[in-house]
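Undergrad: Chain residues, written in single-letter form:
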Amino acid sequence: MIDIDVVRRSKFIEIRRTRRLTVPGNVLVKLGDIVQPEDLIAEAHIPTQVQSLDIARGLGVLPSQAASFMMRDLGEDVQQGDVVAQYDGTLPRLVRAPDGGKLLDWQNGQVILASGGKFERVKAAMIGEVMEIILYFGAVLRIKGCLIQGVWGNGHLGSGQLTLLDPKLENPLEAAEMDMFEKGQVLAAGHCSQPDIFPLMVKKGLGGLILGSLAPELSEAAKNQPFPIIVLQGFGKIPSDPLSVTLLRDCVDELVCINACERDVFKGTRPELMIPIEEGDPEKRLGFRAKLALGQWVQVSGGKAIGQTGEVVSFSSAGTLFKSGANFPSAQIRLHNDEEITVPGQNLVILSDSKPEEN
Amino acid sequence: MVKGRPSINILGLDLGRMNTRATLFGNVGGKFALQGSGVARTSFGSDLRFGIGIQEAVQNLQEQVDRILLRPSDKALKQTDPMSLRTDQVVSVVSAGPWMKAALLGLTAKGSLRSCKTLLASLPLENVGAFSLADQAREPDVIEALVKSQPDILIISGGEDAGAEKPLLRWVEVARLMCLLFPATAKPVILFAGNPLVEETVRRRLEPITKLFILPNLYPGDGKLDLIPAQSKLDQEIIRKWRDDFPGWIDLTSPINHTVAMTGFTLSRMVRFLSQIKVNFNEPSITRGVLALNLGGGSTILSAGLDGQSGLLTQKRWESLESEGQEYVMRSVYRWTAEPVSLEEVHKFLCNRPLYDSFVPDNNKELALSQAYARVRLQQAIQAFVSNYSWYQGPSGSGLQTCYEPIIASGAVLTQAPTPGQAMLMLLDGIQPWGITTMVLDKYHILPLLGLIGKTEPVLPVHLLASSAFENLGTVITATSDAPGGEVILKVHVEVESGKNYSADISQGDLRRLVIPPGSPVILELEPKSHTHVGFGARGKGGRLKIIGGVTGVVIDARGRPLSLPQDDELRVAKLHQWQSILGG
Numbered sequence: 001m002i003d004i005d006v007v008r009r010s011k012f013i014e015i016r017r018t019r020r021l022t023v024p025g026n027v028l029v030k031l032g033d034i035v036q037p038e039d040l041i042a043e044a045h046i047p048t049q050v051q052s053l054d055i056a057r058g059l060g061v062l063p064s065q066a067a068s069f070m071m072r073d074l075g076e077d078v079q080q081g082d083v084v085a086q087y088d089g090t091l092p093r094l095v096r097a098p099d100g101g102k103l104l105d106w107q108n109g110q111v112i113l114a115s116g117g118k119f120e121r122v123k124a125a126m127i128g129e130v131m132e133i134i135l136y137f138g139a140v141l142r143i144k145g146c147l148i149q150g151v152w153g154n155g156h157l158g159s160g161q162l163t164l165l166d167p168k169l170e171n172p173l174e175a176a177e178m179d180m181f182e183k184g185q186v187l188a189a190g191h192c193s194q195p196d197i198f199p200l201m202v203k204k205g206l207g208g209l210i211l212g213s214l215a216p217e218l219s220e221a222a223k224n225q226p227f228p229i230i231v232l233q234g235f236g237k238i239p240s241d242p243l244s245v246t247l248l249r250d251c252v253d254e255l256v257c258i259n260a261c262e263r264d265v266f267k268g269t270r271p272e273l274m275i276p277i278e279e280g281d282p283e284k285r286l287g288f289r290a291k292l293a294l295g296q297w298v299q300v301s302g303g304k305a306i307g308q309t310g311e312v313v314s315f316s317s318a319g320t321l322f323k324s325g326a327n328f329p330s331a332q333i334r335l336h337n338d339e340e341i342t343v344p345g346q347n348l349v350i351l352s353d354s355k356p357e358e359n
Numbered sequence: 360m361v362k363g364r365p366s367i368n369i370l371g372l373d374l375g376r377m378n379t380r381a382t383l384f385g386n387v388g389g390k391f392a393l394q395g396s397g398v399a400r401t402s403f404g405s406d407l408r409f410g411i412g413i414q415e416a417v418q419n420l421q422e423q424v425d426r427i428l429l430r431p432s433d434k435a436l437k438q439t440d441p442m443s444l445r446t447d448q449v450v451s452v453v454s455a456g457p458w459m460k461a462a463l464l465g466l467t468a469k470g471s472l473r474s475c476k477t478l479l480a481s482l483p484l485e486n487v488g489a490f491s492l493a494d495q496a497r498e499p500d501v502i503e504a505l506v507k508s509q510p511d512i513l514i515i516s517g518g519e520d521a522g523a524e525k526p527l528l529r530w531v532e533v534a535r536l537m538c539l540l541f542p543a544t545a546k547p548v549i550l551f552a553g554n555p556l557v558e559e560t561v562r563r564r565l566e567p568i569t570k571l572f573i574l575p576n577l578y579p580g581d582g583k584l585d586l587i588p589a590q591s592k593l594d595q596e597i598i599r600k601w602r603d604d605f606p607g608w609i610d611l612t613s614p615i616n617h618t619v620a621m622t623g624f625t626l627s628r629m630v631r632f633l634s635q636i637k638v639n640f641n642e643p644s645i646t647r648g649v650l651a652l653n654l655g656g657g658s659t660i661l662s663a664g665l666d667g668q669s670g671l672l673t674q675k676r677w678e679s680l681e682s683e684g685q686e687y688v689m690r691s692v693y694r695w696t697a698e699p700v701s702l703e704e705v706h707k708f709l710c711n712r713p714l715y716d717s718f719v720p721d722n723n724k725e726l727a728l729s730q731a732y733a734r735v736r737l738q739q740a741i742q743a744f745v746s747n748y749s750w751y752q753g754p755s756g757s758g759l760q761t762c763y764e765p766i767i768a769s770g771a772v773l774t775q776a777p778t779p780g781q782a783m784l785m786l787l788d789g790i791q792p793w794g795i796t797t798m799v800l801d802k803y804h805i806l807p808l809l810g811l812i813g814k815t816e817p818v819l820p821v822h823l824l825a826s827s828a829f830e831n832l833g834t835v836i837t838a839t840s841d842a843p844g845g846e847v848i849l850k851v852h853v854e855v856e857s858g859k860n861y862s863a864d865i866s867q868g869d870l871r872r873l874v875i876p877p878g879s880p881v882i883l884e885l886e887p888k889s890h891t892h893v894g895f896g897a898r899g900k901g902g903r904l905k906i907i908g909g910v911t912g913v914v915i916d917a918r919g920r921p922l923s924l925p926q927d928d929e930l931r932v933a934k935l936h937q938w939q940s941i942l943g944g
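Those sequence lines, one after another, are chains R and Z. FYI, in our numbering the residues of the first sequence are 1 to 359. FYI, in our numbering the residues of the second sequence are 360 to 944.
Hints were generated in silico from the structure; no laboratory data involved. Note that the structure is predicted; figures quoted are calculated from it, not measured. Careful, some of the hints might be misleading.
[Claimed, not checked] In the SDA-like style, the derived pairs of lysine to any residue whose C-alpha atoms are separated by at most 20 Å in a straight line are:
#1 K724(Z) / A305(R)
#2 K546(Z) / Y136(R)
#3 K118(R) / V487(Z)
Could you build all of it, start to finish, from the sequences and the hints given here?
TA: Now the structure itself:
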């Protein structure tokens, strides 16, 4: 059967994640360190402002002579007020650095000072142990625990104590219910379609939002929120995934770390949440893509059952003629409500090796 | 076998965002032919190995051609994949990699900066900042903006040949300072394509700091835009970056016999070749161009060539769904969906589609939505192409638009459409061609490969283009007129070699299909009314035309340009259905 994407949902698994700068900088952790989600792993500083210091003019010498009066070398860091060049004649003269920065370049009696700057920082975005240092760039982190990946994230990081709107995540999130929750909590709910939820969450100071599904008209608003939002199943009103519900319910009140990053096929990253757990039976690693197999728990990515989850009960490699008139290799899926549907194999993503235990 | 040369086999690899295709070309009876084609999903993931997808595609190909093309790798050569390719020559075209960031420093907004923007839009490059002469008054801000956007590539252009020097040299200093701010591994590659008089200074100031390429002026001053040398250099740079980012991909074969280029660049090379060799039937005075497009999983690529000029456009597939473009795309998709859907359903479809790469439509509603989105992608690509290349529409003032013939199309939404009529209608509605054209489907996605192979085996593309590897979808005759709807604007006489001749009256607003067996030659005699243009150079001018029947026969499109759809939703859906059923459902 074909290779399809894996959006992993696992009760207990070893999770390894690379946190890496795009430009070289300083790695701020060391091997064996235990890091928290907000901890910086590495940081790089790139100056963004340049100013020209006219050394020749300042010293009253010819541009061709100015270099010989420099007190500091190119590439050197200087502090505000440091002497950059000095003329020791009968009337001594100095040129001082107007700002802190780096002496960058020299031309026609002028030196270029680079100052200000932007920082590129990479955070841990999870609780974990530093298992490998990537010199000048970052580190690889490791943790054991529950992993729930989603299909959409708004780009933010966060963490907090997990709380559920209702035990089966069946109810849509409503503004009136916001009073039930406390600052810093990460809230999981089945669906959100009310635009006034987001400002209320900001006002309340909630740490993040985990949704089974989100109304498409709220996608733009969700992108603009300052807290992390992760969508597990897709856009539209979709019945909750029993596997995700079970995993989340088992971890109520635990600390959950959300990395609601955008999916990046080149880096192999997906929006995800992790809940550290000390002990359990490790589940098989499936990678970024895996072969579809009988018994797997999958999520449907097209058709009327889009976003719904179920178990793979049979295959047809020869192909099935669908209503669209096209023929595709297909799989028979038993949805969580026991309805069986036939889906093109391509329209599935694997969530887990097996169906969730009944509760 | 080609005379005087040993028989060779060429393996072509096409690494797309969704699929990797392996195609074997060989010599049969002195003619090059396509021997087989295998497809697999392009392999991505945390291990970033394209090689896995290539191996799977080649394994699929091996089963078809009954030949062994993979062998265990030679560890002595430090090949990272367990298997490597065994064939005389391997060529790869790639579009799968991530887009690179590019910034522009030009002089005039309508001259050099516009040329630079057209260059950027032709390749998988994201414009992260464009600065003109006016921005030189705030140099520190420009440097800050450049550093913050962290471009992979910086393009400096401006000053016609022997034109402005000083402002250009100021940009060179800005580029130098910006490069000095970055650590060595993050410095951008600089392309200088401006006034050649300052080349020496550019070299002296920039070469010691970063990788520099000096290229012919993009806008030399004779009114013509020459992007090809810069595109060629950028093609190599992007490939180099992708090779670095995806180790193992190139190790599958020896670098000696492996040529690699970007899909869009080689597609445009093929279009240039075809537009140069074109001989216009009957009327040498009529200018006809060639158009090729690929509706790919990651991008839309469109290239056209006309009268010695050529252009290329690459658009990111989901980019138009970001923020301000979303509403327009949503409404456009809604209007072109041939099923009753709500705006909410369209919105849901467009939000969910980018989440799942491999999605295929399994019901009529999703098929209609996917095909509507394909039409909108084509319309957006044509619109952007026209704004970048003014020659596309032909000489201004004539009121008559240029004909492009053939139009060669690829992309799974077209090649895997349930019926050829659906592919034809998507192309007609998306491109809205003028005059007479032939729609050709590149079923195996090989046109870009031919553009690359043609460099060393010029005969191979010629043989392949005449083969069944390309499917003649049908001839299209677009009749345009300002007559009121329902009025006869064109009479067509069909002379069939082995059968009964017949005639058809075409009215304003009609879409008509003349069924002609595929491969059969017929002669069409077109008699347009005095106000009707059918592509013979003037309104009311007709003529005779010999064509070979394509799979949808001959399609006569008198629906008008630009196409308009009924405002009423029920009528609109019914009209779209009607057009679809005319072309065979």
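Undergrad: Now, for every hint given, state plainly whether the structure supports it.
TA: Each hint, compared with the structure:
1. K724(Z) / A305(R): Holds, at about 13 Å.
2. K546(Z) / Y136(R): Holds: K546(Z) and Y136(R) sit about 16 Å apart, inside 20 Å.
3. K118(R) / V487(Z): Holds, because 17 Å separates the two Cα atoms, which is no more than 20 Å.
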